[in-house]
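Student: These are the residues of each chain, in order.
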Amino acid sequence: MIELERISRRYESTVAVDDVTLSIAEGEFCVLIGSSGAGKSTVLKMINRLVPPSSGRIRIDGADTARLAVEALRRRMGYVIQSIGLFPHWTVARNIGTVPELLGWPRARRRERAAELLDLFKLPPGEFLDRYPHQLSIGQQQRIGIARALAADPAILLMDEPFGALDPITRETLQAEIAQIRRASRKTVVFVTHDMDEALRLGSRIAVMDNGRLVQVDAPLAIVAAPANDFVRELIGRDDLGLKLLSLDRVASRLRRGETAPGDAIGDTLTLRQALSRMIADGKDRLPVADAEGRALGAIHLADLLRR
Amino acid sequence: MMAKALRDPLLWASLALLALVLLMPDAKPAFAALFPALERPMFELDSFLDLTLWHLLLVGASSGAAVLLGVAAGIFVTRPSGAEFRVLLDTVVTIGQTFPPVAVLAVAVPVIGFGFDPAFIALLLYGLLPIVEGTIAGLEAVPAAVREAARGTGMGQLACLLKVELPLAAPVIIAGVRTSVIINIGTATVASTVGAWSLGLPIIIGLNAANLAYILEGALPLALLAVVVDLAFGRVLSSLQGWRRA
Amino acid sequence: MLRNRVLLLLAIAGFAGALGLPFLTHAANRLVSGMPIGLMAILEERPVWAGALLPPVALLLVAPFLSPRTAVHALVGLAAASLLLLLPLVAGIAAGRLAAAAPPMARTSLGGGFWCAGLAASLALADALSRLRASPAAAALCTAVVVVALGVLLRSGALNGLAVVREYAARQDVLATAVIRHVGLVVGALVPSVLLGVLLGVRAAQRRGFGAALFLNVVQTVPSIALFGLLLAPLSGLAHLFPRLGELGIGGVGVVPAGIALALYALLPIARGAAEGLGNVSPAALEAGRGLGMSERQLLWRIAMPLALPVMLAGLRVATIQAVGLAAVAALIGAGGLGAIMFQGLFADALDLVLLGVVPIVLLALIVDALFRIGIARTQRVPR
Numbered sequence: 000m001i002e003l004e005r006i007s008r009r010y011e012s013t014v015a016v017d018d019v020t021l022s023i024a025e026g027e028f029c030v031l032i033g034s035s036g037a038g039k040s041t042v043l044k045m046i047n048r049l050v051p052p053s054s055g056r057i058r059i060d061g062a063d064t065a066r067l068a069v070e071a072l073r074r075r076m077g078y079v080i081q082s083i084g085l086f087p088h089w090t091v092a093r094n095i096g097t098v099p100e101l102l103g104w105p106r107a108r109r110r111e112r113a114a115e116l117l118d119l120f121k122l123p124p125g126e127f128l129d130r131y132p133h134q135l136s137i138g139q140q141q142r143i144g145i146a147r148a149l150a151a152d153p154a155i156l157l158m159d160e161p162f163g164a165l166d167p168i169t170r171e172t173l174q175a176e177i178a179q180i181r182r183a184s185r186k187t188v189v190f191v192t193h194d195m196d197e198a199l200r201l202g203s204r205i206a207v208m209d210n211g212r213l214v215q216v217d218a219p220l221a222i223v224a225a226p227a228n229d230f231v232r233e234l235i236g237r238d239d240l241g242l243k244l245l246s247l248d249r250v251a252s253r254l255r256r257g258e259t260a261p262g263d264a265i266g267d268t269l270t271l272r273q274a275l276s277r278m279i280a281d282g283k284d285r286l287p288v289a290d291a292e293g294r295a296l297g298a299i300h301l302a303d304l305l306r307r
Numbered sequence: 000m001m002a003k004a005l006r007d008p009l010l011w012a013s014l015a016l017l018a019l020v021l022l023m024p025d026a027k028p029a030f031a032a033l034f035p036a037l038e039r040p041m042f043e044l045d046s047f048l049d050l051t052l053w054h055l056l057l058v059g060a061s062s063g064a065a066v067l068l069g070v071a072a073g074i075f076v077t078r079p080s081g082a083e084f085r086v087l088l089d090t091v092v093t094i095g096q097t098f099p100p101v102a103v104l105a106v107a108v109p110v111i112g113f114g115f116d117p118a119f120i121a122l123l124l125y126g127l128l129p130i131v132e133g134t135i136a137g138l139e140a141v142p143a144a145v146r147e148a149a150r151g152t153g154m155g156q157l158a159c160l161l162k163v164e165l166p167l168a169a170p171v172i173i174a175g176v177r178t179s180v181i182i183n184i185g186t187a188t189v190a191s192t193v194g195a196w197s198l199g200l201p202i203i204i205g206l207n208a209a210n211l212a213y214i215l216e217g218a219l220p221l222a223l224l225a226v227v228v229d230l231a232f233g234r235v236l237s238s239l240q241g242w243r244r245a
Numbered sequence: 000m001l002r003n004r005v006l007l008l009l010a011i012a013g014f015a016g017a018l019g020l021p022f023l024t025h026a027a028n029r030l031v032s033g034m035p036i037g038l039m040a041i042l043e044e045r046p047v048w049a050g051a052l053l054p055p056v057a058l059l060l061v062a063p064f065l066s067p068r069t070a071v072h073a074l075v076g077l078a079a080a081s082l083l084l085l086l087p088l089v090a091g092i093a094a095g096r097l098a099a100a101a102p103p104m105a106r107t108s109l110g111g112g113f114w115c116a117g118l119a120a121s122l123a124l125a126d127a128l129s130r131l132r133a134s135p136a137a138a139a140l141c142t143a144v145v146v147v148a149l150g151v152l153l154r155s156g157a158l159n160g161l162a163v164v165r166e167y168a169a170r171q172d173v174l175a176t177a178v179i180r181h182v183g184l185v186v187g188a189l190v191p192s193v194l195l196g197v198l199l200g201v202r203a204a205q206r207r208g209f210g211a212a213l214f215l216n217v218v219q220t221v222p223s224i225a226l227f228g229l230l231l232a233p234l235s236g237l238a239h240l241f242p243r244l245g246e247l248g249i250g251g252v253g254v255v256p257a258g259i260a261l262a263l264y265a266l267l268p269i270a271r272g273a274a275e276g277l278g279n280v281s282p283a284a285l286e287a288g289r290g291l292g293m294s295e296r297q298l299l300w301r302i303a304m305p306l307a308l309p310v311m312l313a314g315l316r317v318a319t320i321q322a323v324g325l326a327a328v329a330a331l332i333g334a335g336g337l338g339a340i341m342f343q344g345l346f347a348d349a350l351d352l353v354l355l356g357v358v359p360i361v362l363l364a365l366i367v368d369a370l371f372r373i374g375i376a377r378t379q380r381v382p383r
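One line per chain: the protein sequences are G, Z and F, in this order.
What the first sequence shows, in numbering that gives the first Met the number 0, is residues 0 to 307, in sequence order.
What the second sequence shows, in numbering that gives the first Met the number 0, is residues 0 to 245, in sequence order.
What the third sequence shows, in numbering that gives the first Met the number 0, is residues 0 to 383, in sequence order.
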């Protein structure tokens, strides 16, 4: 449970963060979104005290972070940054084991944990444990960066535009992997991005910031359906609004059970937006729906997509 | 404007040097007081002005020759026709730099004799190294794109070298010349041990006769001379970089 | 078709020098100038030596026209290395025969022809090694083998006829002491310099100001002998005021002012190397490390220093080689070391004595250079 109470950050001539109050519940995936310079990275860095607040208080599980030993605080949280920052002179295994090493874990256990995390990201440990960062692609490097953040199994994960430096395909893959990891564990994630699609895809709660202030904090559906002001509307993208709404719901919730339709089936876990895309590509106004094993579930019609 | 000129370190150092060199004999009472035990507290074998001028001549002549030879060698080695010799030059430079400058002098004397000549040869040889290194580094730092553009506008090799490459490489080359000259000022001092006239003479004689006053009288103007020359080079370098600050 | 102009140039220059300049000089005593003795004259006396020298020389003259294959370069390297051993051997045996027939005061020295040929052969070896793309360690090994072989040659007594070897024989103890003193001066000055220099560099990299930079720059500019001279006065003044210090040897001349000056000169390259090396460490890695909970000290020692090591070592290399050279000048203020032998030869106009001082200095510097190059290559953890 992270509580930000009226925190501000002032520099000589500017106010980067202005009186922000936010509560992040345990297990929540909170996305901080806004344009560049909105203060979202600064808020994130105040949570692990890389940047000290000029005023206000931050509490984690009730304890005031200003009173805690700063290194111990950071070792309890995972931290992933856009520029990745792997240590070039350490192997993958040692990079992942950074915090365990700081915490004094025995060597064998550190290596085991590194192998475990490589498995999680579908990178064969035998191949990757002893490689060096410069031998990895940038997508692989960021996976290692995330693995490094997860190594000591922290309850809180801080991510500062982690996928910003990646190409769109790798970005999507990693977003899926993060979503999956989060579903499997009950970590609290605070995630900074400027990409609304990413925010809608990953977040359980979205906090929109503009010029250092919180503008709207809501579930994704509420943000899209009821944007608080023009800024939020701009962020969502006026032209895209309908499509974004469609991306928030899945085929399974609108399918007509028992019905049939001709052609290749579409999976029930896909979003309505993907269903629309298929319909247009195939030139059809209805599609058959199947589950993960390929068993027929029913059909979905174009008209169903228009329902609210 | 006037105030800025007055605070100029180069101006002050030069004035101090001039004063020291011209007025040293007048400081005799001060030295006599500092070193009461010495019979001869002031170096009087030759005027300090004379010594300084000889020192400057030795360094200037050898450095001038070193610049001509060194820059030519550096240019040659960075041309396509001379690239083959690059490694050879690098090896010679590396080995040369492990030779202390004094050693070059020490080897030159028995071969050539005493006096100005061996000092000149030794300073020339040793002074070549930083200049060659600087020339190569400077020319190689010129972006290939710039050279390509120059040739593309129809400039011949020589024109490209003179109008584009050398001017851009000049700061690094001059930095190399600066290093070379400063080292040479020091080596010329030791040349006094073999009969070359320089500001090192009082120091060497003072060391032989355990005369601390002589040593100081030689060391002070020498140190100032080196500082003045270094500042002067710094001034030249920063005026060359003017276009960067525009 | 000419494939290797460098080798051809070296081969011709070496050949011409060896034949055109005197190979040896023979003087009846120290006061008289030596009589030149050409290589051809030596070979005429013992044609078998010509037979030994001919194959490597011929190879070096022919190789520039052969296609540049690994085998060719390796053969050239071998030929050059063998010349580096044969030339001293020929010189030594010829000198020995001359010495046997002459009065004890006579001395036979190595002439310009020998040095010319020797230099050409060394450079040819270096060229062959670079064309073979040898690593710094491999090149150092080759050089070490040649040097060791030369040492064996020396030990065997084959070179005893040469004046420089005679000087060595006469002064073995002095030389050994001088080497120890010289190395001691360098190491003694570098230890405090490294500690202080790295500290200054770390502070500069953390942007806590590099105020010492101006002072150090001035120190670098001042000629060494002037700095020695400038230190002598206050130090001897101190010794006057506190006689106890004088007993400890902190008087005017000698090791202490030399050591202080050497340490001062070494500070700038070391501090600069440390500052540059630390400044080049990836800021992303530092931010990530900090965010994960590393303390500043852990960041410095576990992340920044290892990554900065190659550049720091490069700075230390410059400082050390410079110190080896400056320690030679320190002999003028009574610090001893190899410079003392060198200057002794200089004042006595005895080139062989000068060489006895200079050759070990150059060897020392070359060893230091090779060791550092290997060290820098080894600590290069981030590929360039």
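Calculated directly from the structure, the hints in this document are not laboratory data.
Quick caveat: nothing in here was measured; it's all calculated off a predicted structure.
Virtual Cβ for every residue (Gly too), placed ideally from N, Cα, C.
Heads up, a few of these hints could be off.
[Claimed, not checked] Some chain Z residues well away from chain F (every beta-carbon gap over 10 Å; in silico):
(1) Leu22
(2) Val86
(3) Ile173
(4) Ala208
[Unchecked claim] Sample of chain F residues facing chain Z (criterion: CB under 10 Å; computed from the structure):
(5) Leu9
(6) Leu122
(7) Leu194
(8) Leu195
(9) Gln297
(10) Arg301
(11) Pro305
(12) Ala326
(13) Ala330
(14) Ala364
[Claimed, not checked] Computed spacing ranges between beta-carbons, pair by pair:
(15) F:Glu295 to G:Asp18: 44 to 50 Å
(16) F:Pro282 to Z:Leu33: 52 to 58 Å
(17) G:Thr172 to F:Pro282: 53 to 59 Å
(18) F:Met0 to Z:Gly233: 46 to 52 Å
Student: Now, for every hint given, state plainly whether the structure supports it.
Tutor: Okay, the hints, checked on the actual structure:
1. Leu22: Nearest chain F Cβ is 19 Å from Leu22 (chain Z), so the label holds.
2. Val86: Contrary to the label, Val86 (chain Z) does not stay out of reach of chain F, its closest Cβ about 5 Å off (not over 10 Å).
3. Ile173: Check passes; 16 Å lies beyond 10 Å.
4. Ala208: holds, 12 Å
5. Leu9: Holds - the Cβ of Leu9 (chain F) comes within 10 Å of chain Z, reaching about 8 Å at its closest.
6. Leu122: Constraint on Leu122 (chain F) satisfied, holds at 6 Å.
7. Leu194: violated, 25 Å
8. Leu195: violated, 22 Å
9. Gln297: violated, 37 Å
10. Arg301: violated, 34 Å
11. Pro305: Violated. Min distance 27 Å.
12. Ala326: Check passed: Cβ of Ala326 (chain F) comes within 8 Å of chain Z, closer than 10 Å.
13. Ala330: holds, 9 Å
14. Ala364: Hint on Ala364 (chain F): holds, closest Cβ of chain Z at ~3 Å, below 10 Å.
15. F:Glu295 to G:Asp18: 44 to 50 Å: violated, 31 Å
16. F:Pro282 to Z:Leu33: 52 to 58 Å: holds, 54 Å
17. G:Thr172 to F:Pro282: 53 to 59 Å: Given about 27 Å between the Cβ atoms, the range is violated.
18. F:Met0 to Z:Gly233: 46 to 52 Å: Taking Cβ atoms as reference, Met0 (chain F) and Gly233 (chain Z) lie about 50 Å apart, which means the hint holds.
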